[in-house]
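In the order they appear, the protein sequences are chains A and B. In this text, residue positions in the first sequence follow my numbering: the first is 1, and each later residue adds one. In this text, residue positions in the second sequence follow my numbering: the first is 1, and each later residue adds one.
Keep in mind that the hints were calculated from the coordinates and are not lab data. If you're wondering where the values come from, they're calculated on a predicted model, not measured in any experiment. Some clues are possibly wrong.
[Said to hold, decoys possible] Under the rule of at most 25 Å between Cα atoms (straight-line distance), these lysine to any residue pairs were calculated in the SDA-like manner: (1) B/Lys22 - A/Arg102; (2) B/Lys22 - A/Pro100; (3) A/Lys169 - A/Asn226; (4) B/Lys28 - A/Glu205; (5) B/Lys28 - A/Pro204; (6) A/Lys212 - B/Met36; (7) B/Lys22 - A/Met104; (8) B/Lys28 - B/Leu7; (9) A/Lys114 - B/Asn48; (10) A/Lys212 - A/Ser155; (11) B/Lys28 - B/Leu16; (12) A/Lys169 - A/Leu148; (13) A/Lys130 - A/Thr9; (14) A/Lys130 - A/Leu117; (15) A/Lys114 - B/Arg51; (16) A/Lys114 - B/Asp46; (17) A/Lys114 - B/Thr47; (18) A/Lys114 - A/Lys169; (19) B/Lys28 - A/Phe207; (20) B/Lys28 - A/Arg199; (21) B/Lys28 - A/Gln206; (22) B/Lys28 - A/Glu209; (23) B/Lys28 - A/Arg208; (24) B/Lys28 - A/Phe198; (25) B/Lys28 - A/Glu200; (26) B/Lys22 - A/Val103; (27) B/Lys28 - A/Val103; (28) A/Lys212 - A/Met95; (29) A/Lys130 - A/Gln82; (30) A/Lys212 - B/Ala37; (31) B/Lys28 - A/Arg102; (32) A/Lys212 - B/Ala58; (33) B/Lys28 - A/Pro152.
[Claimed, not checked] Not everything, but these chain B residues come out facing chain A in the computed CB check (under 7 Å): (34) Met36; (35) Ile39; (36) Ile42; (37) Ala43; (38) Ser53; (39) Ala54.
Where is the CB? At the ideal position from N, CA and C, for every residue including glycine.
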Amino acid sequence: MAGNPMDLTGSTVLVTGASSGIGRETAVLLSLLGARVVLTGRNQGRLEETAASLSGQGHRVEPFDLTGGEDISNWLRTLAAQIGPLNGLVHSAGMQITVPLRVMRPQAIEDVLKTNLLSAIMLARGFCQKGCHAADSSIVFLSSVSALTGQPALSVYCASKAALIGLAKSLALEWASLRIRVNCIAPALVRGEMAEQFREELSPEQFREMEKLHPLGLGHPRDVANAVAFLLADTGRWITGTTLVVDGGYSA
Amino acid sequence: MTQQELLLAMDDLLELPPGSLKGSEALKDLEQWNSMAVIGFIAMADTNGARVSARQIATCSTVAELLTLAQPEGVGK
Numbered sequence: 001m002a003g004n005p006m007d008l009t010g011s012t013v014l015v016t017g018a019s020s021g022i023g024r025e026t027a028v029l030l031s032l033l034g035a036r037v038v039l040t041g042r043n044q045g046r047l048e049e050t051a052a053s054l055s056g057q058g059h060r061v062e063p064f065d066l067t068g069g070e071d072i073s074n075w076l077r078t079l080a081a082q083i084g085p086l087n088g089l090v091h092s093a094g095m096q097i098t099v100p101l102r103v104m105r106p107q108a109i110e111d112v113l114k115t116n117l118l119s120a121i122m123l124a125r126g127f128c129q130k131g132c133h134a135a136d137s138s139i140v141f142l143s144s145v146s147a148l149t150g151q152p153a154l155s156v157y158c159a160s161k162a163a164l165i166g167l168a169k170s171l172a173l174e175w176a177s178l179r180i181r182v183n184c185i186a187p188a189l190v191r192g193e194m195a196e197q198f199r200e201e202l203s204p205e206q207f208r209e210m211e212k213l214h215p216l217g218l219g220h221p222r223d224v225a226n227a228v229a230f231l232l233a234d235t236g237r238w239i240t241g242t243t244l245v246v247d248g249g250y251s252a
Numbered sequence: 001m002t003q004q005e006l007l008l009a010m011d012d013l014l015e016l017p018p019g020s021l022k023g024s025e026a027l028k029d030l031e032q033w034n035s036m037a038v039i040g041f042i043a044m045a046d047t048n049g050a051r052v053s054a055r056q057i058a059t060c061s062t063v064a065e066l067l068t069l070a071q072p073e074g075v076g077k
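Next comes chain B alone, as it looks inside the complex (with noise of 0.2 Å):
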């Protein structure tokens, strides 16, 4: 997925309109962001190849850092 078709997942996930989530959004500032959200998260990341532990989530305080974490091995990380 891109960068783009991430954060539209992302909006998805956190059921916000599409095109919401720039990128730049502090995940403490997303009501949203909760546990069931972190779980969707992983399965979300999972389906784009990328295997993400809820350790790692938790050093992540942006959406972009958050994004990083979903892509393959070798993309972008």
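Chain A on its own, in the form it takes in the complex (with noise of 0.2 Å):
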């Protein structure tokens, strides 16, 4: 793909939540602008379909519970060894609660945050190993415009998603030096898994509303992609610490 500003040939990219939505169709985008993608998940199978569904050669399924009290930062240097530095770390993989604060099961509140934060610090963490990452490389995190508007019922996992900015912010401070650049992804409700799972806990009426909040209509997995790749490749060398807003109109 020359003459592509989006080109990531020679790229090799970590993806997380692999094994649907939006890190699925980030990790077949990714593998269609000519990155080697490192698929990683808890479930071998589902990370395998979407290793058929990649284009160009040299991927790799690598199983993994990031939540699952193993070392992140020994698996990743680990893998560095085997495959060579990063030069992108997308973490998609997200776990969303929907259920009013008052009566959320305190390892319930735990598990979000382990899912959606700490496993995200840890990664973030492992990937500045020396050996891990690549000059010029970029972390991506899949934060939330619920994040920024808040929503209830969603309040943890709103936090949770908060937080990853705050990170971001901080970590592309700490890493410029290191030509890591940190950013953050706030996406709206997009057609998948997700949308699926609120269609059964709200009624009709109220899935209705939620799609009228959407003005451009509900996204597509590929849409927030898009906006992942676009930070990943050379048209996002000189951004770091943001926030990409991909809502279809949400937050306007």
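Hints given; two lone chains; assemble the complex.
Here's what the structure looks like:
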């Protein structure tokens, strides 16, 4: 793809949550742009399905439970020793539990924070190790527009996604000298499993109201993947510490 | 969860004193039964091993009917 400013030929990018939704679509797009993609998630079978839909060669399936207590830094060090330093990290693994805080179980609160936030912190910490990241590399965290607007019955989810924005801003400053850029994407609701989960939990009227909050309609995972690729590629070379809102007008 | 435990969980969800609900109450008469409570009930049922949709909840008119939904498959369903 010569002349394409979003060409990723020669890049290696680790994508978490690559077994479904935005993570899967991001992996597919990055491979189309020429990147070698390392797919991670808990379910090997579903990761293999994603791998089968990738373009190009050299991709890897690396099942790993980011919340399982295993040492993420050690895992990334081992991975980099095998495949070389990473040019990019996309943290798309996430968990959403829709429940009013008053009745949310402490274990559920911990699960959401671990999956959405603690894993991001530990991945970033692992990524910045010597030998794990290439020169001029990039991290993209999947935050959420609800981190900026708030959402009833999603307080812990929103808090975890808002924390990613603070994390990205701080690490952007901390690691500018290492030439590691750190940014967030803040999507609204896109079609896929999470939207279907919402459809189950809400009445048909409530779901229609939710759709109406998106002036351009619900998004597609590809809409978000495009923004991720933009930040990872040379098009994002002067962008760090920012949050790119991709929400069909939800927050306009 | 037993029926009694579910009733107590519903009391808690609706911020009523423990033991308030007996099961025969009409949902439309419960001031605290609102959209947030519906979402809380879905989460409560999920904790109990039952997957409940908003559509199913809309078919219930009493607390007892609602609690039947909160039982896992094969338990009172």
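Please name the hints from earlier in the document that this structure breaks, with their numbers sorted from lowest to highest. none
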